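From these two lone chains plus the hints, build me the complex, please.
The chain contents come next:
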Amino acid sequence: MIAAVASLGGFATIFASGFGVLRLLVRWPTRLNLPEQFGLSWLLGTGVVSLLLWVSGFLLRGPLLAASVVVVCVALPLLAWKISGRSALHSQRWQKERPAELLLATLLVFQVAFVFYLAAVRTLGWDGLLNWEIKARYAFSNGGALPAAYFQSEGRLFTHPDYPLAIPFSELWIYFWLGEAHQFWAKMIFPMFYAAGTMLLTSIGARLTGKTWVGLAAAILVFFVPQIATEPGGSATAGYADLPLSILYLATIGYLVLACQQNEDDSFRIYAACLALLPWIKREGVILWFFAAFLGTLVIWRRKRRMIWLSALFPGPIILFGWHFYLAQMHAISCPEFFPVSLSTLLAHADRIGALISLFASQLVNASKWGLFWMPVAIACLYLGRKHRDFPGMVMLLGILAPLVTYPFIFIFSAWPDYVGHVVCSGNRLFLHVAPLCSLAVWLAIAWCSPKPVASETDALGAACKNVERERTPEIEFA
Amino acid sequence: MQWVRRAGAVAHFWLWAVLLAAFLLVNAFSTVRNARSTTIPPFGKFQSSDAWLLFATGATEQSDRLVTLFDSLPPSKAILILVNWKDTRSQLIGEAVAYLSWPHPVRFVDALGPNAGGEVASMDPASVAAIVFCTDNPLPWLPPGRRFASNLAVSVVNGSQ
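Listed in order, the protein sequences are those of chains C and G. Residue 1 is where the first sequence starts when you use the numbering used here, and the numbers rise one by one after that. Residue 1001 is where the second sequence starts when you use the numbering used here, and the numbers rise one by one after that.
Chain G with its partners taken away, still in its complex shape (with noise of 0.2 Å):
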């Protein structure tokens, strides 16, 4: 029985051999393609935020400058923002907003929904702050805003800074 035991030793000695030289191999691949598409972004507290929304807008450090303006509404009141749900680019914009502008209660509205216009005419003025476009084509028939890159833009409403 000692040549099967011997087989057997040789068999687990190659089957594991094999094994790990095959993930090594194939996965050493990943992690060395993984570790050079690494893009080093600047230091800073919304280090994450900004690239979230560099990517979103293509513009930068744009974190501190929305926290800056919603720092001077009233924090009671809502923040109103428009996102087209179609389009990821426009959905990411709106979380990170609705992220960045704590502690002012926000609601969202589908920019191209039949009664989007409806929607932010039937808004109270006096509970609203600010309402953030999150596409390329703010409605029309309100005020431009501020325009933070070409697809953000904040109209902040009459009598609220």
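So here's chain C without its partners, still in its complex pose (with noise of 0.2 Å):
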């Protein structure tokens, strides 16, 4: 009972940090609901607290260190409200819902319990526990920083020591509220992410389409995905970083198509500081990054906004440079998985690419994994490139389309003697990483093409921003 009421307050400062941060990015706090901003808070809030832990660690140890990253989890959220005032703690006014709303909202509510059960009786996954709860363990019994001799030894190699810390750091912090490593409570990190992930999903696909049920009906179906959710080796209860990636590559594309559709400015904010976490929390991070940002610059140029809002692609790479500056000044050993990229690598290995197709293209219909998940997506796809003219429907068609292709030819440069292993042991957790963004796409695809008068609605600002625009007035405007 003590350890729940001490993990409580682990996931309490996380959200208060998130929750800070959050409200001083936005500048209309009244557009964003009480589900979106507990989603945002928990993503940026594990980004945070993760990389208070590993900066002020350079300091301090032990309990200073975990009251330093106290004092600034509480102070964010003061600074937030003493900077913007009453509105800080304003989110959008509740609406009544109609009774189909309600009975999705239940039904997702116990979808999201059932996954918190399911991590509750299952154990970390050999990752989880060897890649991940590894550094939280080891760094907690060094006072809150991992341990050069950690870094440099060769015997612990396949725990792979240069692999981010967002997610091991988050079970540290677990760690100091409850005063030891607990295999338990880590995990439990996790099932968070999927609730975020569907109050995500949720508030995106209602913003987008102006339809509360379309983004119900998107979390809903992420269930039904094994990999995602239940199948035992799923990201939400096995302790594998790639449902968290997948979750805040969902907010940073859907924030992104949201700040294209509407042209405003807080969604672009709450992309940037998504984009910036991306390559934190697991190395295809940088991947992701890469494609996010690109479309970044696209909507920048297209929406001709001015180039300072450039600067949101920085924090990433400095976050990535830094990462890299400590291991090398850690005399981090690492086992390269993959050959440096190379045209010589390239033209090496081109036999592989025809195996690669097929190996993934076997993986995309694994039935234990997926079921038909990749059947209404390669539809929803159709759907959004045959409206090519819509930038917005563009933009989330470039952002599921470009990682998916990409992925398979990585491999070329696999280090792997055998790299059919390498495809069949890691395939499958890469795909995942756009499949939030997909069972988004699959009901945006239902409610933007639906040949129906909704599409004339939907075609030049979005039902939603028109329930924006009504809330603004002219001393909003010049304020």
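Be aware that one or more of the hints could be misleading.
[Unchecked claim] A few chain C positions that, by computed beta-carbon distances, are all more than 10 Å from chain G:
no., residue
1, S56
2, V74
3, A105
[Unchecked claim] Per the computed footprint, the stretches of chain G lying under chain C, defined by three or more beta-carbons under 8 Å from a beta-carbon of chain C, are:
no., segment
4, 1011–1023
5, 1027–1036
6, 1046–1055
7, 1097–1110
[As the list claims (entries may be wrong)] Here are the simulated distance ranges between beta carbons:
no., chain 1, residue 1, chain 2, residue 2, range
8, C, V405, G, K1086, 33 to 41 Å
9, C, L8, G, D1136, 30 to 38 Å
10, G, P1074, C, M307, 56 to 64 Å
11, G, A1022, C, P232, 19 to 27 Å
12, G, N1158, C, P147, 34 to 42 Å
13, G, F1055, C, L8, 55 to 63 Å
14, C, I353, G, G1117, 40 to 48 Å
15, C, L157, G, P1074, 18 to 26 Å
16, G, F1055, C, A120, 17 to 25 Å
17, C, I353, G, S1150, 39 to 47 Å
18, G, A1022, C, L298, 42 to 50 Å
These are computed hints drawn from the structure, not numbers from a lab. All of these numbers come straight from a predicted model, not from anything done at the bench. Yeah, the Cβ is synthetic: ideal placement off N, Cα and C, and Gly gets one too.
This is the structure:
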């Protein structure tokens, strides 16, 4: 019981820091609803807390380190409140939902509760334990910073000491609150990511289409994808970093599409914050960062925004280079899983291309991992592609297709002697990175491309945007 | 053109109705099957590593016992882990032992390698705290050590404890 209360303290401080950052980012908090703020606070909070623990760990250890992070976590929302006044505590007014939407919301709540139950009664997967939790455990035993000996340990090279720290240091934060390393409580952060993801899917879907049921349906759909939610090796219960990365990528592209559709700054700021954290979750986040940054640049150019908005792309590389500089200072050894990208390597391994396409295609139709998920996704992509003049739809489509097309080809550079084994080992987890976004795309295709008068509503700014426009007054515009 | 729009709407509706019904039908089965395949492990701070060791060795609650043993050894001394890399269970045990033996440095030795005996014999006893056998057949000329399971035994090097 005490452990449950202590871990709640850990969760609460993560939310507080994320909420503070969110409120410092957005200028119109009344446009965000409560579930949306919950989801974003969790995503940003885990990023903030893990970065704070890592950076503060250069100077502080043990209770001092924990206390300094608590102070920042509490100070961030207070600072937001001080800067933006009472509006910092406001959110979008609760709208009366229709009975069908209430029914869908109830179903979604049961699904999320079930994922929490599954996470509680299952154990961490092998990688969840030996790639991620191990870092939290060793850092906790060393007062909050990973020991240099760990980075140089050849015997523990299989635990990938060079993987980034967002997930392990979020677990470490729970350990600080518990006062001990505890594998049960560490895994409870993953269903929180799932819950955050469902709330963001609901909110983004509802804001893009102006229909709450679309967002709810997209969130409900995700539960039926075994690789995400219920499969024993599924990321929501096994402690892998792929689910958090997929939720962060959903938020990144989702808010970019919102910024693009509604041409508003707040969504773009949220996009920038999520973009910065992509490389901090997992190494593959760098690939996702590249595509999301390219799409962000495209939106800036297409919407004729000022070049200063390109500065939104800087924090991600700063975090990435900071991490690699730190690894170099620690003399970290690594086991490269990929050869350096070069033309000679590409030519030497060009014979793999056919096999890779065939392998990845077989992974997509793996019934135990995906069921029929990719079939509606493929149709949805055709729908979105057909609406090629609709720029937000194209951003969404590129955000899905770019990683899906690229991932198979990175294995041309696989350094594993058995590259087929490498694909089998990680292929499905890579596809997971775009799965929540695909679920959103399915329902957007249904709603956006519906040949009803609705299409005319969504073409210009979208129904949700019109609601926002109605909220604006001359005073607000002037301010 | 009204009939074209209407036909489009009907086609759109039925396309997605069929697609989503097929998806739900197939995936609901997987979801139910996955949900039913859960066996509840005992609650504890080594819940996951215990479960993995149970799978690989058949013995319960090994993590705490192993940690207690490793904690009693000088932390600067290494743990030598003999693993059969061709046996997934042996590899799994070896990696779990490496995870639990922090802050000891660890070194893996291929138990079936041509030079396994030589590698162990050439070790400096002053730098090694224990030898862990993650195989059914430990090297015959070494002391048997403390057996945690049929395929997991730890032999403490003299003078380390």
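Hints, one by one, checked against the model:
1. The beta carbon of S56(C) sits about 22 Å from the closest Cβ of chain G, which is more than 10 Å, so the claim that it is off the interface holds.
2. Every beta carbon of chain G lies more than 10 Å from that of V74(C), the smallest distance being close to 28 Å; the non-interface claim holds.
3. Interface exclusion of A105(C) from chain G stands, the closest Cβ pair being 18 Å apart, more than 10 Å.
4. Beta-carbon proximity to chain C at under 8 Å applies to 7 residues in the segment 1011–1023 of chain G; the threshold of 3 is reached and the given coverage holds.
5. Taking a C-beta to C-beta cut-off of 8 Å, the segment 1027–1036 of chain G contributes 6 residues in contact with chain C, enough for the three needed, and the coverage statement holds.
6. With 6 residues carrying a beta carbon less than 8 Å from a beta carbon of chain C, the segment 1046–1055 of chain G meets the three-residue requirement, and the given coverage holds.
7. Remark: the segment 1097–1110 of chain G is confirmed as covered by chain C, as 8 of its residues place a Cβ nearer than 8 Å to a Cβ of that chain, reaching the required three.
8. Range check, V405(C) to K1086(G): Cβ separation about 37 Å, and the 33 to 41 Å hint holds.
9. For L8(C) paired with D1136(G), a C-beta distance near 45 Å fails the hint of 30 to 38 Å.
10. Range check, P1074(G) to M307(C): about 60 Å between beta-carbon atoms, so the 56 to 64 Å window is met.
11. Here the CB-CB span from A1022(G) to P232(C) is close to 24 Å, well matched to the stated 19 to 27 Å.
12. Here the CB-CB span from N1158(G) to P147(C) is close to 28 Å, at odds with the stated 34 to 42 Å.
13. The hinted window of 55 to 63 Å between F1055(G) and L8(C) is violated, with their beta carbons roughly 31 Å apart.
14. Between I353(C) and G1117(G) the beta carbon distance is about 45 Å. The supplied range of 40 to 48 Å therefore holds.
15. Remark: the range hint 18 to 26 Å for L157(C) to P1074(G) is upheld by a beta-carbon distance near 23 Å.
16. The beta-carbon spacing between F1055(G) and A120(C), approximately 19 Å, falls within the hinted interval of 17 to 25 Å.
17. For I353(C) and S1150(G), the Cβ-Cβ distance of about 46 Å falls inside the hinted range of 39 to 47 Å, so the restraint holds.
18. One distance hint, 42 to 50 Å for the beta-carbon pair A1022(G) and L298(C), is violated here, with the actual separation near 35 Å.
In the structure shown, a violation is registered for the earlier hints numbered 9, 12, 13 and 18, in ascending order.
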